[in-house]
Amino acid sequence: MELWKQGAEAKIHKTDFYGKPCIVKERFSKSYRHPILDKSLTAQRVKSEIRAMLRCRMSGILTPTVYFVNMDSSCIYMEEMLDSVTVRDYIQSVQSSKTAVEAIETLTPLANTIGHTLGIMHKQNIVHGDLTTSNMLLQGDPSNNRLCLIDFGLSFFENLSEDKGVDLYVLERALISTHPNTEKLFNVILEAYCKSNDTGSKDVIAKLEEVRMRGRKRTMVG
Amino acid sequence: MVVAIGFEGSANKLGVGIVKDGVVLSNPRHTYITPPGQGFLPKNTAQHHREHALEVLQKALDEAKISPKDIDVVCYTKGPGMGAPLVSTAIVARTVAQLWGKPMIAVNHCIGHIEMGRLVTGAENPIVLYVSGGNTQVIAYSQRRYRIFGETIDIAVGNCLDRFARVLKLSNDPSPGYNIEQLAKKGNKFLELPYVVKGMDVSFSGLLSFIEEKAPQLLQKGEYTPEDLCFSLQETVFAMLIEITERAMAHCGSQEVLIVGGVGCNKRLQEMMETMAKERGAKLYATDERFCIDNGAMIAQAGWEMFRSGQTTPLKDTTCTQRFRTDEVDITWRS
Amino acid sequence: MAAKVIQCGPYPECNMTLMLFSNVLNAAEVRKCVMGGEFEAALLKTSMILEPFQVIVAANRAIHLHRIKKMMTKNVHSEVLFSLSPSKNISDSFRKFGLADNETSMFVVIVNDTDGSTCQAVIDRVKGQLTDITDVGKYSDLPTIQKVYKISETELSVCSAVDAVVSRISSKDIVTV
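Chains as they are written, first to last, in full-length UniProt numbering: chain A, 1 to 222; chain B, 1 to 335; chain C, 1 to 177.
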């Protein structure tokens with residue numbers, strides 16, 4: 001197996017799984033953590049990831065196919081998403097090659113797809129827990145907006161609007177801190193989200209607003 | 001050569017510090033300590049600051065062996081913090097600035113911590129974990145702002161620790177967090193507590209209500225000692241902080257990490273951060289209680305940077321604000 | 001046409017032998033041989049298989065659980081059969097995915113047949129034609145597969161049926177669909 005990337009909590013290897021291009025995501029233990037906590041978090045995250053990937057697919061959201069799970073070594077063997085770029089790289093490439101106005105225009109259909117997809121996900125009570133533009137892939141020609149969600153390690157099932165609101169808040173913060181001047185895109189995401197999560201979006205948006213205010217208005221003592 | 005004096009009083013510490021071109025000449029501090037089981041209230045804290053302002057100021061001048069005429073700029077904490085203590089300290093700063101005929105600079109408290117940390121440790125461009133009684137933020141510098149990558153979505157980590165100290169009726173002297181740290185050293189039985197990380201954000205309120213509710217029972221039955229609970233609490237909340245800091249480091253490709261704020265002098269937090277940093281081939285920068293805990297020199301140091309980059313605050317704008325986000329400040333002194 | 005021997009990815013010291021037989025006349029007799037212990041093999045119902053890869057994923061899971069001693073059934077071959085099923089009910093899984101007496105095609109899996117003797121014994125015993133394993137698709141009963149694995153059209157809008165099936169097999173311990 002060839003080590004491809006090392007993230008903060010997992011090593012990503014590339015390999016071949018019976019003829020299929022495969023990614024092995026190996027969560028490793030963190031020695032700064034208490035062993036009991038470490039073991040429990042690692043197992044919990046492998047399970048959450050598997051569960052959410054399958055549940056998302058069942059709701060029509062593209063996620064990698066899981067080939068094999070080894071709980072003993074905390075490894076997930078999954079389909080390598082060939083011919084894909086992260087939404088992060090794509091936004092950066094669009095922003096660097098176009099004027100600000102053109103970039104927003106080009107990225108609007110993508111924002112629509114993201115909002116639509118997250119609406120479906122939340123409607124199924126799947127909370128991703130770590131929505132960033134690095135955790136979204138575009139497969140094939142990016143302009144086709146074939147969006148694939150990955151990295152579900154922090155996901156969970158919950159129908160509380162609070163958790164869904166925080167999920168969107170995390171994305172908003174990640175989007176705006178990683179890609180300056182994307183506030184408009186986030187609004188597009190929210191609009192599309194409201195359309196696809198037709199029943200619950202009102203409460204979720206209200207919670208999002210509340211969570212935003214908590215951040216801005218918190219009295220921050222010494 | 002620029003000499004800056006800084007007044008800090010956003011919470012229960014009153015500090016006056018004098019900095020001369022990156023050298024701390026003096027940094028005395030007086031802390032308002034409440035009885036066990038009690039937090040500090042704004043009104044009483046402000047009164048404490050008023051009572052001790054002149055004595056601490058005199059001490060700062062004496063230790064620095066400096067007279068008011070040598071001072072170039074008077075810096076004070078504009079916010080964030082508790083209203084009444086902030087104002088009581090700002091009044092002192094405004095008064096001396098007018099008496100001495102010196103310009104003033106309004107400083108963001110969080111920026112003070114970051115700049116002091118950078119000065120003391122020599123960290124160039126670190127990811128900053130800012131942890132205190134009122135703040136929990138993971139910060140990185142980019143394009144003239146200290147940007148907040150992660151933060152608590154409810155209460156601050158220091159607040160969580162302080163409130164648990166109240167449950168155990170621990171002494172507030174020298175600080176509740178310090179006493180939790182001492183007890184935690186003797187704990188070894190780990191209790192699993194709610195661990196809530198969302199992206200680069202954390203949440204402590206669920207954990208706090210869980211342990212507040214369970215603690216009396218667990219202690220009474222003798223299943224866990226207060227030491228075990230302090231240990232478990234620290235292990236859990238610190239692991240959450242290290243995790244989001246590491247994510248920010250991975251996200252920004254950073255090889256330096258700096259811990260600032262009152263909780264930052266916790267040795268166990270530093271040790272855990274060191275372990276994480278080492279595994280990444282990164283370097284940890286931390287300071288001791290002289291500079292981690294709120295102090296006047298940090299306000300002087302941030303003010304010194306601002307002053308050198310050409311800023312001053314007109315007297316009419318030397319107000320205070322309880323809410324003042326780290327990312328609102330234009331960082332004119334860094335490229 | 002020959003049996004296909006495939007090395008196990010995560011455990012290179014293990015392998016699986018896959019065979020497809022068509023025009024089988026004596027399914028009942030072959031089943032008896034397995035039940036009577038004459039040879040150890042997993043005999044699968046071809047109508048429940050979309051592609052050999054589906055069987056490979058199930059066999060891979062079975063080998064893993066065998067190695068870490070966490071099998072739910074009595075041996076690695078019954079575990080292959082059980083792995084194939086999305087259900088946690090063992091007898092239900094055997095009924096749905098195991099070869100039935102009246103069938104005229106069968107898919108065989110043998111784990112760790114190091115000297116090829118089991119494979120030979122199966123070939124000697126089966127009255128039928130050894131066929132290329134990729135031909136198994138000809139026997140697939142897609143509507144039943146979709147029903148048993150609970151695969152909706154919504155899911156099929158983002159992935160193939162075999163991907164849907166494989167995800168369920170690999171996630172079986174963690175997710176119940």
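Just so you know, these hints were derived from the structure itself, not from any lab.
Please note: incorrect hints may appear among the correct ones.
Said to hold, decoys possible - Subject to a maximum C-alpha distance of 35 Å in a straight line, what follows is the list of computed DSBU-like cross-link-like pairs (lysine-lysine):
no.: 1; chain 1: C; residue 1: Lys69; chain 2: A; residue 2: Lys47
no.: 2; chain 1: A; residue 1: Lys47; chain 2: B; residue 2: Lys43
no.: 3; chain 1: C; residue 1: Lys4; chain 2: A; residue 2: Lys123
no.: 4; chain 1: B; residue 1: Lys186; chain 2: B; residue 2: Lys102
no.: 5; chain 1: A; residue 1: Lys20; chain 2: A; residue 2: Lys5
no.: 6; chain 1: B; residue 1: Lys189; chain 2: C; residue 2: Lys70
no.: 7; chain 1: A; residue 1: Lys207; chain 2: B; residue 2: Lys43
no.: 8; chain 1: A; residue 1: Lys39; chain 2: B; residue 2: Lys189
no.: 9; chain 1: C; residue 1: Lys32; chain 2: A; residue 2: Lys47
no.: 10; chain 1: A; residue 1: Lys47; chain 2: B; residue 2: Lys102
no.: 11; chain 1: A; residue 1: Lys11; chain 2: B; residue 2: Lys283
no.: 12; chain 1: C; residue 1: Lys127; chain 2: A; residue 2: Lys123
no.: 13; chain 1: C; residue 1: Lys150; chain 2: A; residue 2: Lys14
no.: 14; chain 1: A; residue 1: Lys195; chain 2: C; residue 2: Lys69
no.: 15; chain 1: C; residue 1: Lys138; chain 2: A; residue 2: Lys39
no.: 16; chain 1: B; residue 1: Lys59; chain 2: A; residue 2: Lys47
no.: 17; chain 1: C; residue 1: Lys4; chain 2: A; residue 2: Lys14
no.: 18; chain 1: A; residue 1: Lys14; chain 2: C; residue 2: Lys70
no.: 19; chain 1: A; residue 1: Lys5; chain 2: C; residue 2: Lys138
no.: 20; chain 1: A; residue 1: Lys123; chain 2: C; residue 2: Lys74
no.: 21; chain 1: B; residue 1: Lys59; chain 2: B; residue 2: Lys102
no.: 22; chain 1: A; residue 1: Lys98; chain 2: A; residue 2: Lys47
no.: 23; chain 1: A; residue 1: Lys11; chain 2: C; residue 2: Lys69
no.: 24; chain 1: C; residue 1: Lys127; chain 2: A; residue 2: Lys14
no.: 25; chain 1: A; residue 1: Lys11; chain 2: C; residue 2: Lys138
no.: 26; chain 1: A; residue 1: Lys14; chain 2: C; residue 2: Lys69
no.: 27; chain 1: A; residue 1: Lys207; chain 2: B; residue 2: Lys283
no.: 28; chain 1: A; residue 1: Lys20; chain 2: C; residue 2: Lys147
no.: 29; chain 1: A; residue 1: Lys20; chain 2: C; residue 2: Lys138
Unchecked claim - Covered, in the sense of this in silico footprint (three residues per stretch, anywhere, with C-beta under 8 Å from a C-beta of chain A), are these stretches of chain C:
no.: 30; region: 4 to 15
no.: 31; region: 54 to 65
no.: 32; region: 156 to 164
no.: 33; region: 170 to 177
What the hints assert, rightly or not - Some chain A residues flagged as far from chain B (calculated, every beta-carbon gap over 12 Å):
no.: 34; residue: Trp4
no.: 35; residue: His34
no.: 36; residue: Ser59
no.: 37; residue: Met71
no.: 38; residue: Glu102
no.: 39; residue: Thr106
no.: 40; residue: Pro109
Keep in mind that this is a model prediction, so the values were computed, not measured.
Note that the Cβ used here is the ideal one computed from N, Cα and C, for glycine as well.
Hint-by-hint comparison with the structure:
1. C:Lys69 <-> A:Lys47: Judged against 35 Å, a Cα distance of about 20 Å means the pair holds.
2. A:Lys47 <-> B:Lys43: Distance ~50 Å between Lys47 of chain A and Lys43 of chain B Cα, so the pair is violated.
3. C:Lys4 <-> A:Lys123: violated, 45 Å
4. B:Lys186 <-> B:Lys102: violated, 51 Å
5. A:Lys20 <-> A:Lys5: The hint holds at about 19 Å.
6. B:Lys189 <-> C:Lys70: holds, 30 Å
7. A:Lys207 <-> B:Lys43: Holds, at roughly 33 Å.
8. A:Lys39 <-> B:Lys189: Holds - the C-alpha atoms of Lys189 of chain B and Lys39 of chain A are around 16 Å apart, at most 35 Å.
9. C:Lys32 <-> A:Lys47: At roughly 39 Å apart (the allowed maximum being 35 Å), Lys47 of chain A and Lys32 of chain C break the hint.
10. A:Lys47 <-> B:Lys102: Judged against 35 Å, a Cα distance of about 62 Å means the pair is violated.
11. A:Lys11 <-> B:Lys283: Holds, at about 21 Å.
12. C:Lys127 <-> A:Lys123: Roughly 53 Å between the alpha carbons, so the hint for Lys127 of chain C and Lys123 of chain A is violated.
13. C:Lys150 <-> A:Lys14: Roughly 30 Å separates the two Cα atoms, so the pair holds.
14. A:Lys195 <-> C:Lys69: violated, 49 Å
15. C:Lys138 <-> A:Lys39: violated, 46 Å
16. B:Lys59 <-> A:Lys47: Status violated; Cα separation ~59 Å.
17. C:Lys4 <-> A:Lys14: holds, 25 Å
18. A:Lys14 <-> C:Lys70: It holds: about 27 Å lies between the C-alpha atoms, which stays within 35 Å.
19. A:Lys5 <-> C:Lys138: Distance of about 41 Å is beyond 35 Å: violated.
20. A:Lys123 <-> C:Lys74: Violated: Lys123 of chain A and Lys74 of chain C sit about 41 Å apart, past 35 Å.
21. B:Lys59 <-> B:Lys102: Distance of about 20 Å is within 35 Å: holds.
22. A:Lys98 <-> A:Lys47: violated, 41 Å
23. A:Lys11 <-> C:Lys69: holds, 26 Å
24. C:Lys127 <-> A:Lys14: Violated, because 43 Å separates the two Cα atoms, which is more than 35 Å.
25. A:Lys11 <-> C:Lys138: With a Cα-Cα distance of about 40 Å, the restraint between Lys11 of chain A and Lys138 of chain C is violated, given a limit of 35 Å.
26. A:Lys14 <-> C:Lys69: Holds, at roughly 27 Å.
27. A:Lys207 <-> B:Lys283: With Cα atoms ~38 Å apart, Lys207 of chain A and Lys283 of chain B exceed 35 Å; violated.
28. A:Lys20 <-> C:Lys147: holds, 26 Å
29. A:Lys20 <-> C:Lys138: Answer holds: Lys20 of chain A to Lys138 of chain C is near 22 Å, not above 35 Å.
30. 4 to 15: holds (count 3)
31. 54 to 65: holds (count 5)
32. 156 to 164: Satisfied; 5 residues make the cut.
33. 170 to 177: holds (count 6)
34. Trp4: holds, 15 Å
35. His34: For His34 of chain A, whose nearest Cβ neighbour in chain B is about 5 Å away, the distance does not exceed 12 Å, so it is violated.
36. Ser59: Check passes; 21 Å lies beyond 12 Å.
37. Met71: holds, 19 Å
38. Glu102: holds, 21 Å
39. Thr106: holds, 23 Å
40. Pro109: Check passes; 25 Å lies beyond 12 Å.
Consistency with the previously given hints fails for numbers 2, 3, 4, 9, 10, 12, 14, 15, 16, 19, 20, 22, 24, 25, 27 and 35, ordered from lowest to highest.
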